[in-house]
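Asks: What follows is the residue order along each chain.
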Amino acid sequence: MTPAVELLAVDKVFPGPVQALDGIELTVGAGEFVSLIGPSGCGKSTLLRVVADLEQPTGGTVRVSGKPASQARLDQDYGIAFQQAGLLEWRTVAENVELPLQVHGVPKARRRERAAELLEMVGLTEFARSRPGELSGGMQQRVAIARALAPSPSLLLMDEPFGALDEMTRERMQAELLRITGETGAAVLFVTHSIPEAVVLSDRVVVMSPRPGRITEIVPGRRPGTGTELAPDDVEDVRESAAFFTAITDVREALRKGHE
Amino acid sequence: MTPRRALPRGEGIGAAYLPPVVFGVGALVAWQVLVVALGVPSFLLPAPSAIAEQVGAQLGVIMSTASVTGGNALIGLVAGFVIGVALALLAAWSRLFGELATPVVLAASAVPIVALAPVFTTMFGSTTEVPRQLVVTVVVVVPVFVSTARGLRQVQPVHADLMTALAASPWQASRFVRLPGAVPYIVTGLRLAAPAAVIASIVAEYFGGQQNGLGSRISSAAANTAYARAWAFVVASIVLGLLFHLAGLLLERLATRSRPA
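These protein sequence lines map, in sequence, to chains P and W.
Count the first sequence with the working numbering and you get residues 314 to 573, in order.
Count the second sequence with the working numbering and you get residues 1086 to 1346, in order.
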């Protein structure tokens, strides 16, 4: 199968000059969940934006679903969720979910159907006609994820989507996200600065160091039920397992190494 | 949800509106008493009772002249609103046009309407309402343009990224994000322009043309030393201005409800 993302010797230099990314080599397999973790300013968000074709790399090759990043963006091969939900507050929840389909000229009836499907998946069916302002932060973020999934992308890009949520909501959202990605089979590139979050969600945790942004180490994560049927309960088991704490320690040490 | 200014609990609307109403009535009574007690001549200041009497006597004329002045204000308001929004849209889409048009529109705000009105009246002749409507249009364009342009610039970075990620065309980005996002700013511009439209409409009548509006009646009554009658038309002008102000306020409320501030 074509890998979801292939990055070959990717550099990004911002005028200044600031070397944000230096020689990034990374492949995200189809259906794989990969987290990018590192201290602020390590370029993890920049890397995600390069994959999304929101920033142009100054060197190297970026391929998404086997195509150049710009073509993948035009083809809607990825869905994206940001730290802020970024919902359009003048549209209803369902209309927000429909937005990517509307931009790409999907007929209204089909859009409605798909939005209803997705809202059921994120458990917000009863809020379809509400305005985003009436929803809690966690619910808004679920709407944003549903919106990202609307065109059935094979890749989901997420930039600290749970960063602004409280710890309890955050853990619930992580379980939700695992269930959803299990159902859709989409690969995920997930930016976070939370070690437990990266470990519990991921197949692989990519640890980055700042100035210049480099990959220092790739640690195996503890995504529950990988390759088998996924049960939400597994997440709680994982959080309490010894292997989880070992992985957390590994990531923490890799982060510390990057700082020296 | 839009945070509404809370009224004091229990006392409701009365508590918010009663003090200004009492104050207003008190001021009228004081005015009446002073005019009568001091024997102020009516060319200086007619008593409220005399003005009220004139309002009653001239009610038919007041209604017809108010509808002419109000009609001019409304036509100019709509025309100025459409032009202001259209110019702001063009300025947002084309940087060159924005750089050319913005200073010109802002300069228009410095043009005193008293300077424009006689020129327009001579240009279009005194038997038509067009010069008056044009004066209103010029006055309205500026605030609508300024606030619309500001609204169109206020695109949240996350929304801009979203539109790029969705590969939306510039027209789609305007339609889905820019324009709806600017609506609160656009209606605020309209709300600010509405009472100014009435003022412009009245002032434009001071410079000739048909004697069918509130402004022309005020100047002719004053010229004929019918001071109480002049004041009656002034009262009608105030009411007309308030009506436009309230209509603008209502539109703004309608357009901005269910939005965060």
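Worth double-checking, as some hints may not be accurate.
Just some of the chain W residues that point at chain P, by a computed CB distance under 8 Å [claimed, not checked]:
no.	residue
1	Glu1138
2	Gly1141
3	Val1243
4	His1244
5	Thr1249
6	Ala1250
7	Ala1253
8	Trp1256
9	Gln1257
10	Val1262
11	Pro1265
To be clear, the hints were calculated from the coordinates, so they are not data collected in a lab.
Note that beta-carbon positions come from the ideal geometry of N, C-alpha and C, so glycine has one too.
Asks: State for each hint whether it applies.
Replies: Structure-based check of each hint:
1. Glu1138: 51 Å, violated
2. Gly1141: With a closest approach of 48 Å, the W/Gly1141 hint is violated.
3. Val1243: Holds: closest Cβ of chain P sits about 4 Å from W/Val1243, inside 8 Å.
4. His1244: 6 Å, holds
5. Thr1249: Holds - the Cβ of W/Thr1249 comes within 8 Å of chain P, reaching about 6 Å at its closest.
6. Ala1250: For W/Ala1250, the interface hint holds, since the closest Cβ of chain P sits about 5 Å away, which is under 8 Å.
7. Ala1253: Check passed: Cβ of W/Ala1253 comes within 5 Å of chain P, closer than 8 Å.
8. Trp1256: Violated: closest Cβ of chain P sits about 11 Å from W/Trp1256, beyond 8 Å.
9. Gln1257: Check passed: Cβ of W/Gln1257 comes within 6 Å of chain P, closer than 8 Å.
10. Val1262: Hint on W/Val1262: holds, closest Cβ of chain P at ~7 Å, below 8 Å.
11. Pro1265: Holds. Min distance 5 Å.
Violated hints, listed in ascending order, are 1, 2 and 8; each of the other numbered hints is respected by the structure.
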